[in-house]
Amino acid sequence: MDEKISTKCFYKSREKKPLIKAMNFHRINALILRNLYLYQRSIPRLMDILYWPVMELLVWGFLSVYIEKLSLGTFNAVTILLGAIIFWDILSNAQRAVSVAFLEDVWEKNFLNLFVTPLRVSEFLAATGIIGFIRIVIVVAVAGVLAYFLYAFNLLVFGWTLGLFTIAIILRFGSQAQILAWGFITLIQPFTAVFYPVSALPAWLQPLAWWIPSTYVFEGMRYGIAGSGFSSSLFLQGLGLNVVYLVLVLIFFYRMFAAVKRQGRLLKLH
Amino acid sequence: MPSIIEVKGLRKRFGSVMAVNGISFTVDEGTITGLLGPNGAGKTTTIQMLLDLITPTEGEILLFGKHLEDHREELLSRVNFSSPYVALPSDLTVTENLKTFARLYGVSDVNKKIDELADFFEIRDLLPKMTSVLSTGQMTRLALTKALLNDPELLFLDEPTASLDPDIADRTRKLLLRISKERGVTMLYTSHNMVEIEELCPRVIFLQKGNIVDDGAPDSLVKKYGRKDLNEVFLQIAREETAH
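From first to last, the protein sequence lines are chains A and B. Residue numbers for the first sequence follow our numbering, so the first one is 1 and each next one is one higher. Residue numbers for the second sequence follow our numbering, so the first one is 1 and each next one is one higher.
These are calculated hints, taken from the structure and not from any lab test. Keep in mind the model is a prediction, meaning the values are calculated, not measured. Each hint should be verified, as a subset may be incorrect.
[Stated by the list, open to error] Restricting the straight-line Cα-Cα distance to at most 25 angstroms, the calculated cross-link-like pairs of lysine-lysine (DSS-like) are:
no., chain 1, residue 1, chain 2, residue 2
1, B, 8, A, 261
2, B, 209, B, 223
3, B, 209, A, 261
4, B, 224, A, 261
5, B, 224, B, 209
6, B, 113, B, 174
7, A, 109, B, 129
8, B, 8, B, 223
9, A, 109, A, 261
10, B, 181, B, 113
11, B, 66, B, 8
[Stated by the list, open to error] Just so you have them, the derived chain A footprint on chain B, three or more residues with Cβ under 8 angstroms:
no., region
12, 51 to 57
13, 68 to 81
14, 116 to 128
For each residue, glycine too, the CB sits at the ideal point set by N, CA and C.
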């Protein structure tokens, strides 16, 4: 029998399944609790959310005070740089929370145990997102700054989107792509205008910056610090891009996950 | 006796390699069936398709009379799996691991269930310990405890006694027979230890290069092949295929 024809027939018979089913909160809760068990005794995990953001804040804080003393400009260096650092931590933590939580199950070879339970991929992703949110809340609290919720929301969503994209790439390319869990976020840092306005970028790079949702958050922050208030236009543009990217990345992730199951590679990730 | 597993024309191709080549079989309720074959025969791929971890290329899988693809959640909540090759998170205590999986399976009284199984598997003293410090035998008992958290009606056991010393392996086999007898759990069992298979499985299915090459009771297969024991039957089947 021709393999391609029979494969097609097999999948056709399965196409009547509903695409979206209600998630089960007990299973999401189980994964959240498992992560909380892990955090309570893991120094590296606690350092990731408590120590590094504080150290980063201190270093950049001292630098910005120094810049201000030099009177090189009229802008409020402390506010802008510290605001940028806190917002950058929100974005990078959101991305790492998703990617590293996934990698921990890869390293522990725990995927089989998880996915022979009734757990669904959507529930696994929801739990990872919630853990990421808990981490962000702690990071922001420790930094001592109440981040403006709307900005933080856009950064969170984009961070999760990048995290999901990283997982999908790791699923596709295997262990050699794991470095992306830490390195991917820094790829966008020069272009998303964290510490300088988009206008500081070369003209040919500026359109690229406006394709990144976090750019609208950092520009919005500078807009607010300059005394111009909240820019709903920047917020909505960032939100719109976020929605588009999130949908595209979810489609990409589900396709990668299905491909990994077809190829029998789910348990061979390490 | 109703069939708990029904596999029809199951096939899995990885690129140019046909790992499972259109196999069909059924497993009856309350029985222990051995799935045997040399390395690369397709045992693990078959079990992983039965657990929806690998998507089949073609064929049908029915568990408890329902299509796995269409009723995944419902069916997997009635099934469990144990293998010494699949670790539980080492950074958690035994209790934390069991609580996590009990919640994933929607167990209503988690503490009561863990208490009951801790007595059954004699692991009460292990409960507060970190999973990373357990010995191989203790890990096997923990894996089996995890596998019974949801009171499964169907258990997939992938070489559960591999890397155990003879004493612990013997205890584990007796434990499995007790589970089968007391709880009526249907089991699909893989192992390379034919003595163990003869002790546990009233029926075995031999796989070779993705095909079922024989299916029957161990003693009838020994007679059919004119051999001394199941181990010799295994060697004959494996070597015949190699010779071809």
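Hints versus structure:
1. B:8 to A:261: Satisfied, since the Cα-Cα distance of roughly 20 angstroms is no more than 25 angstroms.
2. B:209 to B:223: holds (24 angstroms)
3. B:209 to A:261: Holds - the C-alpha atoms of residue 261 of chain A and residue 209 of chain B are around 21 angstroms apart, at most 25 angstroms.
4. B:224 to A:261: violated (39 angstroms)
5. B:224 to B:209: holds (21 angstroms)
6. B:113 to B:174: holds (21 angstroms)
7. A:109 to B:129: With Cα atoms ~20 angstroms apart, residue 109 of chain A and residue 129 of chain B stay inside 25 angstroms; holds.
8. B:8 to B:223: The given pair, whose Cα atoms are some 28 angstroms apart, is violated under the 25 angstroms limit.
9. A:109 to A:261: Measuring from Cα to Cα gives roughly 15 angstroms; hence the hint holds.
10. B:181 to B:113: Roughly 19 angstroms between the alpha carbons, so the hint for residue 181 of chain B and residue 113 of chain B holds.
11. B:66 to B:8: The hint holds at about 13 angstroms.
12. 51 to 57: holds (count 7)
13. 68 to 81: holds (count 10)
14. 116 to 128: violated (count 0)
The structure shown violates the earlier hints numbered 4, 8 and 14.
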